[in-house]
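Using the sequences and the accompanying hints, generate a full structural model.
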Amino acid sequence: MFDRSPSDLPCSPGVGFKADHFAALLADPGAVGWIEIHAENYMGAGGRPLAQLRALAERFAVSVHGVGLSIGGEGQLDADHLARLKHLTGWLNPASFSEHLAWSTHDGAYLNDLLPLPYTAATLTRVADHIDRVQTVLGRRMLLENPSSYLAFAESDWSEPDFLRELVRRTGCGLLLDVNNVFISATNLGFAPQGYIDAFPLDAVGEVHLGGHDPDHDDHGAPLLIDSHGCAVADPVWALLDHTLARMGPRPVLIEWDNDVPEWPVLASEAARAAAALARIAA
Amino acid sequence: MTGLVADFLPALRDAARAVPAGLTDGHGQAAGRRFAVYRNNVAVSLTEALETGFPCLFRLLGAENFRPLARMFVDRHLPASPLMMQYGAEMPVFLAGFPALDRYPYLPDVARLELARRDSYHAADATPMDAARLAVDDLDALRLIFAPAVRLVQSDWPLHAIWAHTMADGPSPAAEAQSVLITRADFDPIPHALTPAEGGFIAALMAGATLGTAFATAAPAFDPTRALTLLISHAALTDTRTP
Chain A
1 MFDRSPSDLP
11 CSPGVGFKAD
21 HFAALLADPG
31 AVGWIEIHAE
41 NYMGAGGRPL
51 AQLRALAERF
61 AVSVHGVGLS
71 IGGEGQLDAD
81 HLARLKHLTG
91 WLNPASFSEH
101 LAWSTHDGAY
111 LNDLLPLPYT
121 AATLTRVADH
131 IDRVQTVLGR
141 RMLLENPSSY
151 LAFAESDWSE
161 PDFLRELVRR
171 TGCGLLLDVN
181 NVFISATNLG
191 FAPQGYIDAF
201 PLDAVGEVHL
211 GGHDPDHDDH
221 GAPLLIDSHG
231 CAVADPVWAL
241 LDHTLARMGP
251 RPVLIEWDND
261 VPEWPVLASE
271 AARAAAALAR
281 IAA
Chain B
1001 MTGLVADFLP
1011 ALRDAARAVP
1021 AGLTDGHGQA
1031 AGRRFAVYRN
1041 NVAVSLTEAL
1051 ETGFPCLFRL
1061 LGAENFRPLA
1071 RMFVDRHLPA
1081 SPLMMQYGAE
1091 MPVFLAGFPA
1101 LDRYPYLPDV
1111 ARLELARRDS
1121 YHAADATPMD
1131 AARLAVDDLD
1141 ALRLIFAPAV
1151 RLVQSDWPLH
1161 AIWAHTMADG
1171 PSPAAEAQSV
1181 LITRADFDPI
1191 PHALTPAEGG
1201 FIAALMAGAT
1211 LGTAFATAAP
1221 AFDPTRALTL
1231 LISHAALTDT
1241 RTP
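Residue numbers (my numbering), protein chains in the order written: chain A, 1 to 283; chain B, 1001 to 1243.
Don't read these hints as lab results, they were simulated from the structure. Treat the hints with caution; some may be incorrect.
[Unchecked claim] Taking CB as the label site, the calculated pair distances span:
id, chain 1, residue 1, chain 2, residue 2, range
1, B, A1089, A, D203, 38 to 48 Å
2, B, R1017, A, A246, 40 to 50 Å
3, A, D198, B, R1017, 31 to 41 Å
These numbers come from a predicted model, not from an experiment. All C-beta atoms in this analysis are idealised placements derived from N, C-alpha and C, irrespective of residue type, glycine included.
Structure, rendered in structure tokens:
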């Protein structure tokens, strides 16, 4: 149905676009070959956000990353929100559209967080139906992102990589592999991150995410990493990226920095580090 | 997920509720405070969205008052869509119905002004009309078409002065009512102070009245020159029509 590669983004570093970086990014993009925007911030009728987006789209490939569709939600997808996504992807024609394996809306109330799901047959059926609907309405293949987890559901009877592989098989969607999320979930739930990567359906990956996390701990003193996107990518996450790229081959790699956003040169240096990781596997 | 939303959601919104059963640390131990990460993400991210959306209220009240107030707002009014740019529409009514704020009766109008600025920022772009469009024989019969980014907030309080004093080091507000016209020539909404008579005049024009009717219903001796100059020089008008 969607006879395309998992995404049309270049296999170079990208950055999550922040309005404060607009001028500096255009003046000196460094290693950055593409940008990602949060869809919901570009659903106004006009003004500066859309003007910046139009200017950026002339220069860079754009990935539209939704954070509010609640694909794992119990009810039907929000038809109004899906229509807004169709409008945005329609005029912008981005190189990629992605969303999360999570829920965030219930009974019309939006919780502004990516909430976890049990990996069961019932969830699988519902999420697959929702992905089908998104791909049908948008008329394009979407990428689904693995979550960062702070807890697990006792009722889950699928592993996360197997669950995602089955969604790919049923819907033809691609995957967005967030390596920072893998490291966070592995630390928080006590599994080996390399083992997760090795079990992951890497052929379906159209984009990789990297971001920063903060340390915390649970009731028993066990480490609990928080997916903050508020600092530089941690060294073990860079190492896990190397492991991932060595198995998978080159992919578009995004740096996410959404809170305590630094000056442009700091973000640009993170992108340069991603470029070096991509160059190592090409050598 | 039959139990998920039924159990998860109430516990997410109310810290006094027990963590739902069936959530673990991945090795069979109860999830405990791990669940609080999600609770915290919801409460803090929505409170911060209100802080971003209402910077003048935040400064007027101070962080120590604004944050608990915002938490109460979040408890009563979760966002109705994932568009954070629209979150907080109920804030004026919420503030007006909050007895502890009786001493600050202008706060609901400050909230209306901040919502109007946000609306204006995201409104559709438009090409302003040439001022020559007003050089017609029968000016009274003209109706004005406003740019989508224009907003008007009428107030019984010195609303513009309160905003300018709080956000832009303006002088202390004097005890006089002001309305605020928001224009957006390019990308930045600009609030302009209006007298109540000018506010009423522009409100009538925005509602579709002809210039003649808007003028006739204004206060005696009202001079519309300043209001019309403001509309023309700040790209507030896109067209005229004669019905």
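These are the hints, each one checked on the structure:
no.: 1; hint: B:A1089 to A:D203: 38 to 48 Å; result: holds (45 Å)
no.: 2; hint: B:R1017 to A:A246: 40 to 50 Å; result: holds (46 Å)
no.: 3; hint: A:D198 to B:R1017: 31 to 41 Å; result: holds (39 Å)
Violation of the numbered hints given earlier is absent; every hint is satisfied by the structure.
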